[in-house]
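*Asks:* Spelled out from the first residue to the last, the chains are:
There are 2 protein chains.
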Amino acid sequence: MNNERLEQQIRFISEIDKLKTINRRSYILGGERLENTAEHSWHILVLAMVLAEYTNESIDLLRVIEMLAVHDLVEIDAGDTFCYDEQGNLSKAEREMQAAERIFGLLPDDQHIELFTLWREFEERSTAESKFANAMDRTMPLLHNYYAQGRPWREHDIHSNQVHVRAAPIRDGSQTLWEYARTVIEDAVAKGYLSGAEGV
Amino acid sequence: MNNERLEQQIRFISEIDKLKTINRRSYILGGERLENTAEHSWHILVLAMVLAEYTNESIDLLRVIEMLAVHDLVEIDAGDTFCYDEQGNLSKAEREMQAAERIFGLLPDDQHIELFTLWREFEERSTAESKFANAMDRTMPLLHNYYAQGRPWREHDIHSNQVHVRAAPIRDGSQTLWEYARTVIEDAVAKGYLSGAEGV
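Sequence lines, in order, name chains A and B.
So that you can map any letter, position 54 of the first sequence is 578 in the working numbering, and since no number is skipped, the others follow by simple counting.
So that you can map any letter, position 79 of the second sequence is 603 in the working numbering, and since no number is skipped, the others follow by simple counting.
Please keep in mind that the hints were generated in silico from the structure rather than gathered at the bench.
Heads up, some of the hints might be wrong.
Claimed, not checked - DMTMM-like cross-link-like pairs, simulated, lysine to aspartate or glutamate; straight-line CA separation at most 20 Å: (1) B:542 x B:625; (2) B:715 x A:531; (3) A:542 x A:625; (4) A:542 x A:531; (5) A:616 x A:601; (6) B:542 x A:556; (7) B:542 x B:620; (8) A:542 x A:604; (9) A:542 x B:556; (10) A:715 x B:531; (11) A:616 x A:648; (12) B:715 x B:681.
Said to hold, decoys possible - Here are some, though not all, of the chain B residues that point toward chain A, as calculated from beta-carbon distances under 7 Å: (13) 533; (14) 537; (15) 541; (16) 552; (17) 553; (18) 562; (19) 563; (20) 566; (21) 570; (22) 574; (23) 589; (24) 590; (25) 671.
Glycine included, each C-beta is placed from N, C-alpha and C at the ideal position.
With the rest of the complex left out, here is chain A (with noise of 0.2 Å):
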């Protein structure tokens, strides 16, 4: 096989098994073990495919799911910074880009440059295809905690102030999503699984 292009494809493919091993904070509803971010990408996807009709504004669905696909390859590297660990979270974005240049750099060229325009694009939220897909990606574990009777907020010591900022870009996504999501909370507090706001 002579073919340098299709090779570096094939790296690529193959570097990216690692997010398999890449444990994030949430249980798998069976609550058996932790979430690891290769499944977790998957599922948000779907998501984004079952719910895209109640995006704000008209969206790529292409893009969205393409976005989705890739948004957390730089964990490979950077690790799962939890959403929070305020002191993670201060060297995520620099370890996080280093993540991108080396993992999309596996990629010929241009597949590089597309590749880590779309990691960028859902970082910086501000196309309606990015906006979208963080609606989505914070649409899901807020789902997942809760059908986990809220089992990480409960370790974490995290209180509803917190899962209600978390959750508010979803806002920018999907208003129907927004709205839904603060009843999602709301029922959490009432039922025990999350605390309430602190000091409130």
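Following the hints, position chain B against chain A.
*Replies:* Coordinates of chain B only, in the frame set by chain A:
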């Protein structure tokens, strides 16, 4: 929340979390555990994104990716039938049809039909999109088993002619990738990862 449609969609999303518990016969590349079908689905749809340029016919990539994202959901009920298990494959079609009816049937009617149609299209391998999607689904295990130095092949006493037959549909989706697959199989035999064709 009084939105039965959205509630149905969320129930579907919650149900398909179970795909993360369905193990395949292949290992993740580090070799420490079997791969599950959810993370496999993610991996092959990224493969499709990266290798789309090699398709024999022009394709609607969104349709290919959506197909790959949902084509294995039937395994939640029907399990992963090992491709070289002749007995299991006799009952596979009927088990998977029932599973598709139940799982896609959790969705509102329009989406039930849409995703069921995608699943059947994948199985029938008659459109350009399904031929390419199937090529992705056959390329990935070949690469995976090759990078695992043939461990699943050796564990199940698989010969190169079986792998060759299993990989053959790659040709219908991509002549380029089929040629590449053949060199991978030859190289696997040369390296002792895979037994040569039985009786040859």
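*Asks:* Evaluate each hint against the coordinates.
*Replies:* Here is how each hint holds up against the structure:
About 16 Å separates the Cα atoms of residue 542 of chain B and residue 625 of chain B, which keeps this hinted pair within 20 Å; it holds. As the CA atoms of residue 715 of chain B and residue 531 of chain A are separated by approximately 19 Å, the hinted pair is consistent with the 20 Å bound. Proposed proximity of residue 542 of chain A and residue 625 of chain A is supported: the alpha carbons are some 16 Å apart, at most 20 Å. Restraint check for residue 542 of chain A and residue 531 of chain A: satisfied, since their Cα atoms lie roughly 18 Å apart, inside the 20 Å limit.
Restraint check for residue 616 of chain A and residue 601 of chain A: satisfied, since their Cα atoms lie roughly 11 Å apart, inside the 20 Å limit. For the given pair, residue 542 of chain B sits about 12 Å from residue 556 of chain A by alpha-carbon distance, which is consistent with the 20 Å threshold. Taking the CA atoms of residue 542 of chain B and residue 620 of chain B, the gap is about 15 Å. The hint holds against a cut of 20 Å. Only pairs whose Cα atoms come within 20 Å are accepted, and residue 542 of chain A paired with residue 604 of chain A is accepted, the gap being roughly 13 Å.
Taking the CA atoms of residue 542 of chain A and residue 556 of chain B, the gap is near 12 Å; set against the 20 Å cutoff, the hint holds. Taking the CA atoms of residue 715 of chain A and residue 531 of chain B, the gap is about 19 Å. The hint holds against a cut of 20 Å. Between residue 616 of chain A and residue 648 of chain A the alpha-carbon distance is near 14 Å, which keeps this suggested pair within the 20 Å criterion. Taking the CA atoms of residue 715 of chain B and residue 681 of chain B, the gap is about 16 Å. The hint holds against a cut of 20 Å.
Annotation: interface hint on residue 533 of chain B holds; nearest CB of chain A at approximately 5 Å, less than 7 Å. Taking 7 Å as the C-beta contact cut-off toward chain A, the hint placing residue 537 of chain B at the interface holds, the least distance being around 6 Å. A hinted interface residue such as residue 541 of chain B counts as satisfied when its beta carbon comes closer than 7 Å to some beta carbon of chain A; here the least separation is about 4 Å, so the hint holds. Satisfaction of the interface hint for residue 552 of chain B is found here, the shortest Cβ-Cβ separation to chain A being roughly 5 Å, below the 7 Å cut-off.
For residue 553 of chain B, the interface hint holds, since its Cβ comes within 7 Å of a Cβ in chain A; the closest pair sits about 4 Å apart. Interface restraint check for residue 562 of chain B: the shortest CB-CB distance to chain A comes to about 4 Å, inside 7 Å, so the restraint holds. Given the 7 Å rule on beta carbons, the hint for residue 563 of chain B holds: about 4 Å separates it from the nearest Cβ of chain A. Checking residue 566 of chain B against chain A by beta carbon gives a least distance of about 4 Å; that is within 7 Å, so the hint holds.
Nearest Cβ of chain A to the Cβ of residue 570 of chain B: about 5 Å, under the 7 Å cut. The hint holds. A hinted interface residue such as residue 574 of chain B counts as satisfied when its beta carbon comes closer than 7 Å to some beta carbon of chain A; here the least separation is about 5 Å, so the hint holds. A least Cβ separation of about 6 Å between residue 589 of chain B and chain A falls short of the 7 Å threshold, and the interface hint therefore holds. The closest approach between the C-beta of residue 590 of chain B and any C-beta of chain A is roughly 6 Å, which is under the 7 Å cut-off, so the hint is satisfied.
At about 6 Å, the closest approach between the beta carbon of residue 671 of chain B and any beta carbon in chain A falls short of 7 Å, and the interface hint on this residue holds.
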